[in-house]
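Colleague: The chain contents come next:
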Amino acid sequence: MGIKAALARAAQRSADVMRSALLSAGLFVVYFLGMGLTRALAVLFGGRTRASSFREDPAWRPAEGYDSDEESCLRQS
Amino acid sequence: MTSRVLGLSCHYHDSAACLMEAGGIVAAAQEERFLRRKNASGFPLHALNYCLQAGAITVLDLDAVAFYEKPFLKLARVLESHLDSWPRSFGSFRRTMAHWLDDRLTLPLSLKSRLGFSGRTFFVKHHLAHAASAFYPSGFEEAAVLTVDGVGEWATVTRGHGAGNRLRIDSEMRFPSSLGLLYSAVTSYLGFEVHEGEGTVMGLAAYGSPVFLDRLRGIVPSTPDGGFMLDRGWFDFSGDGKMYTPRFVEAFGPERVPGGPLGERHCDMAASLQSLTEEILLRLTQGLRAQTKCESLCLAGGVALNCVANQKILDSSGFKKVFVQPAAGDAGGSLGAAAFVSHALWGHPRPARMSPYLGPDCSASRIRRVLTNAGLDFRELSEKELCRETAARLARGKVVGWMQGRMEFGPRALGNRSILGDPRHPRMKEIINERVKRREEFRPYAPAVLAEAARDFFELEGDSPFMLFAPRIREEKKSVLPAVAHPDGSARVQTVREADNPRFHRLIASFGELTGVPVVVNTSFNRRGEPMVCAAEEAVAVFKESRMDCLAVGDFFVERDGN
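Sequence order for the protein chains is A and B. For the first sequence, this note's numbering gives the first residue as 427, with consecutive numbering after it. For the second sequence, this note's numbering gives the first residue as 63, with consecutive numbering after it.
Looking at chain B on its own, in the form it has when it is part of the complex (with noise of 0.2 Å):
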C-alpha cells in the first residue's frame, strides 16, 4: 500500500519540505533554517534531506513526491502579465523566465538528477494545497474552508469545504483581485519588506487611525457577488518592479525610503489597509458562514497569518470554530500537497491534532560539545530544576534563551526556539530589543499563558495554541502585561496545553507559582534579519554574539558571568 509521501514547495518564497507517513506528520521544516536565510526560495534539498533523516528512510522509500502548485498554469499567468504590460516588462520577462527554463518547469527532471526519485510525482493546485494544508490537520470532521494569499496559478481566494477525507473547493476569485498582493504593495509602499515586513505593518497599524480607508475603498471596490476587485490604474503586478503606480503615490503622498523615520501618515496608512482587510474578509466569512452552515472555518494563505483579522473573524464571522495551521503561508503548501495526496487520493485517516514542532531536535551529546567547544560553563539539569531556575531569573527580569525539542513548523515561536522575559516588566520590550532583537520599537511581543488560565487573562474563547488569534487583554489585566499589551489593548497569545508542550507549559507554570502571573514574553529566537535558530551551534551564537542572560538548551543551562 502506498503510504508515504514527500510535499515540497518552492520557486517562489519561504520553500519547505514535509513528510507524511499513512496520514500521519512525521517531520516538516523550512529551508530557511537551514540555510541561515530567510524566506530561501530554492530547491529545498536540506529541508527535504531532514525529512527524510527524521522518517529514517531513504528517497529510494517515497512512494509519491507531491508538490505545491501546477507550474504550466503558473507560468501561463505570468506569461499573461508580462503580456498585459508589454514593452515594459521585458526585463522582468528576462530574468524571470531565466529562472522558469532553469529549475521550475523540470520538478520530475530535477527530482531524478538531484535526489535519484523516478517515482511519481503530483502536482496539487496552490489553493488546493491550502486547503488541505489547513482542513486535514484541523480536527475538525467537517469545515468550510477558504484560503487568501497573493496569487497562486491563477486564484487568489477560494472557497471551499471539507468533510471527512473529502476535500472540495467550489468558486475562486482570480488573479490580478487579490488581498495579498495589496497588502503586499502597500507593504513595499510603506517601506518594508515584501514577504516579511507584512507582520510588521499589521502591528503598525494600531498606531494608526484608518483615515485613509474610504479612499482605498474607492481603489479596492466589492463587487456584488460578495468579492472584491482592485483597480489596476493604481497597482502593477506585472513584473518585479514597484507593486504602485505612480497614481497611488500622487494620492497618498511618497513612498517611505526602506529604514526612514516611520511619521503619523504611514501609521494611518497601516491603519487603513488592516482595516480594510478585516472589513473584507469579515465579508467573505461571512458569506461563506451563509453558504455552507458550517459551524467551523479553515483559513489558510498567506493573509491568514494575520492574527488581528483572524481573531475579528473568530469574533463576528458567525463561525463558532476557526483553526488556522501554524504555517499558513507558502511554506504550508507543502504540507498541504502531502495531505491532499495522503488522505484525499490515498485515504489515509487524518490526524486528530496537528503538532507544530516537525523539524529537528538536537542530542545532548551535540548540545554538551557545543557548549563546550564554545568555553561556556553550564549546568546539566533536570526539567524540573531547568523550569525552576528558568523561571526564577525571568522572574527577576532576566531575558532567557530557551531552545527545547523539535523546531517549529512556520514562521512563529512556539516555546521551543524562543527568547522569554517578564510580561510584568514595563520595560521588558525595550530591554529584549536592545540586547538581542533589535525590532523598531513599535513592533509588540507576543505572550505565552497557560491554556487554562488563557481565559483570566484575555478574551478568548477556545484556544490559540499557534499565535494566530490576537485577542485583547481583559481590562483588570492590562497593567498586569505591560510588556505584551499593544497600544489597542490586544495581544498576540499562544496558548500552552501540556498535552502538546510539556516542558514549555512546566516552566510558564514555575513561572506563575513565583509571581501569580503563568504568562511569559515569547519571541522568536533570532537576531535581526537572521531566521530562527534551529541547531544548538546558532543559538549558542546568539547568545555569546547578544547580551542575554541565560540560555537554557535542552537540559543544559548558561548564565552569563555576573548573574
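Isolated chain A, as found in the complex (with noise of 0.2 Å):
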C-alpha cells in the first residue's frame, strides 16, 4: 500500500513537472514566434496596438458591446 502510494504520488508529481514543462514551452514558442511576428508585421506596416495611445486620440469613445439583452450576455466576448 506504502508503495503504491508513494508510485502514484511520483508519477503525479512528474506529470505535473511535464505539465509544467509543456505549458512553458507552449508559451515561449507562442509569445517569441507568434507575438514576435505579429509585433514584427505591426512596426513593418506602421500599425499599432490599441494598448498604445496618442496625444491627438480621442479619449472619449462611444461605448460598444454593452447591450442588454440575454444572448449577448451570454458571451464571453
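Hints were generated in silico from the structure; no laboratory data involved. Fair warning: there could be bad hints in the mix.
Said to hold, decoys possible - Simulated restraints on C-beta separations:
#, chain 1, residue 1, chain 2, residue 2, range
1, A, D442, B, E326, 17 to 23 Å
2, A, V456, B, S180, 39 to 45 Å
3, A, L500, B, V311, 42 to 48 Å
4, A, D495, B, G437, 55 to 61 Å
5, B, V311, A, V469, 38 to 44 Å
Unchecked claim - If you want a taste of the chain A side facing chain B, the calculated C-beta under 10 Å gives, among others:
#, residue
6, S440
7, V443
8, M444
9, R465
10, P488
11, S494
Backbone N, C-alpha and C fix where the C-beta goes; we use that ideal spot for every residue, glycine too.
With the hints as a guide, bring both chains together as one complex.
Modeller: As C-alpha cells, then:
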C-alpha cells in the first residue's frame, strides 16, 4: 500500500513537472514566434496595438458591446 | 419565473459573491473575510457557500450565475498589452497566461466541476457591472452614472444613464488612459501596496502641498473632449512589474522603499496626485451633469472609494445627490453583475434602499461557546444595558471592540465589525494605534454620528451612510472632535440612522446622552495587515492579542482585567 501510494505520488509529480514544462515551452513559442511575428508586422506596416495611445486620440469613444439582452450577456466576448 | 442569481467577481483582486432573489439582495461577502487574507483574488468558494447558506438554498436552486466581466475581451487586452511591450514582457506573459489557462477562461467549467452547476452563466461587462452596482440599489428613479477604475476589459471610465430598470452606457475611455492605474502607479511609487495603499495615499495627501501638480498635469493632459490621457513615456502597465518608468523616477526623485521614512516630498506627491484626481473627476462629473441634466449621480469603481474626491463632487459638480455603494471597488462587481441580470434582464423590482449589512451573523450560542472556550469572563446583557455599558466605557477613554449582527459588505466598518473610541479624547488616535491597529500615525480615524445630529458637527448635506464622503468639521466643533479631525479639517463621516442599524444608533445615542457628543470613533475591527473580523472567534482572538479594553460581541460584554 505504501509503495503504491509513493508510486502514485511520484507519477503525479512527474505529470505536474511535464505539464509545467510543456506549458512553458508552448508559451515560449507563442510569445517569441507568434507574438514576435505579429509585432514585426505591426512595426513593418506602421500598425499599432489598441494598448498604445497617442495625444491626438480622442479620450471618449462611443460605448460598444454593452447590449442588455440575454443572448449578448451569455457570450464571454 | 427566474428569480435567483448568484453574482461573482474574482481572478483579479478582492473576489466576492452576492446572491439576489426576486430583485432583493439576500447576501454578499468578500472572500478575504473567510480566507483571512486581504484582497484574496481566487474563486470565492467560501463567500459563495455563505451566500447559498444565507439564502437557505443549494446551487441547484440557482437560476443563473452572473460574472462581473467578459473574460475573452479582457484576455485580448492583456495579450495586446504584452504585445505592446514585446519582448521584455515575457516573464509577465508566462505568469499571466498560466493563470488564464488554469481558471480564468473556464468559468462555466469551473462552476460545473466545483459546484455541480450547469445552468446559465451570464457575463456582464466589467464597467456595466460597476454601473449596475451603483444605480440599481441607489433608490434614484433616474440618475447619471459614472464608473472609474483601473481597467475592466478595455474601459477605464464610462458615462451612462439609468432610469427605472433600464441602464445604458453611452461612452467610455479606454486603457491605458486610466485614473485608477495612475493612482495605483503613484501609490506603488510612494512605497505602498497596490489595491491596498490607495486610501493611505489619500490620507497622506492632507499633509502635503500639491507642488508637483503642474508637472503631473503635463503627463496626464486633458483632451479637448473633456477626457484625459496618460503619457505612456511615464507609465508601464504592460506586465506585473513597476507601473512607472525610470523617466518618472528621474523627474520626481527616487521611489520610497516600502516601510521607509516618509518625507515632505512624499506628502507633496500624494497631495499633487490627490489634487489631480479631484480635478479630473470634477471635470468628468461636471461634463456628465451638463450632458444628462440629471440631478442625481451614481458613482462606482475603485476610484469611487476616494471619499475626499467624492465630497468635492458632491460640493461642486452640480449634482444635488450622489450615491456611492459601500463596495464600490471590484468586490461590488458581484453585486453589479447579479443586479444587472435581476433588474435589466429579468425585470425584477429594484430595492428601495441598500443595506451594507449583507455578510454572516453569529448566533448567541456560538458566541457563548467561543467566549467560554477562550476562558474569558463575560456578562450577557440586554441591548439597552449593552449600549449603556459600552457608552460609559467609551466616555472613560476605553477602546472597545464591537461586533454585532451581519458583517459589512465592502471595505468600511459601519458599526457591525468596528473598533470604537471617544472622539473627544485628543490622544484617542494614538491610543487605538498603540493598543490594536498599529497604523501609520498620519492616517485618520473616522467618526460615526447620529444622522439627525450630523449637520451640527459636519458641513454635510444629506447622508453619508457608507463612510464615503469627507465633509469639513464645523469650525466651532473642531476642538470637540480632535480624534477624528484630519489636518485639512475634514473627516470621513458615517451617518447612522436608526432604521439602518438600530443597535449602533442606540449606542451612539447613549454616548451622546452621557457626553453631549453623539459621535464615536469608528475603525475596522482587525489587526494591521488582516481583513476585518468575520466570526466571533476572530473578534475574540484580536481582543486577546491586543490591548483593547472591552469587547461587546452580540449580547455579551467582556472587560479586560483591571478595567
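Colleague: If a hint holds in the structure, say so; if it does not, say that too.
Modeller: Hints versus structure:
no., hint, verdict
1, D442(A) - E326(B): 17 to 23 Å, "51 Å, violated"
2, V456(A) - S180(B): 39 to 45 Å, "31 Å, violated"
3, L500(A) - V311(B): 42 to 48 Å, "46 Å, holds"
4, D495(A) - G437(B): 55 to 61 Å, "59 Å, holds"
5, V311(B) - V469(A): 38 to 44 Å, "28 Å, violated"
6, S440, "19 Å, violated"
7, V443, "14 Å, violated"
8, M444, "15 Å, violated"
9, R465, "5 Å, holds"
10, P488, "6 Å, holds"
11, S494, "5 Å, holds"
In terms of the numbered hints stated before, the structure departs from hints 1, 2, 5, 6, 7, 8, listed from lowest to highest.
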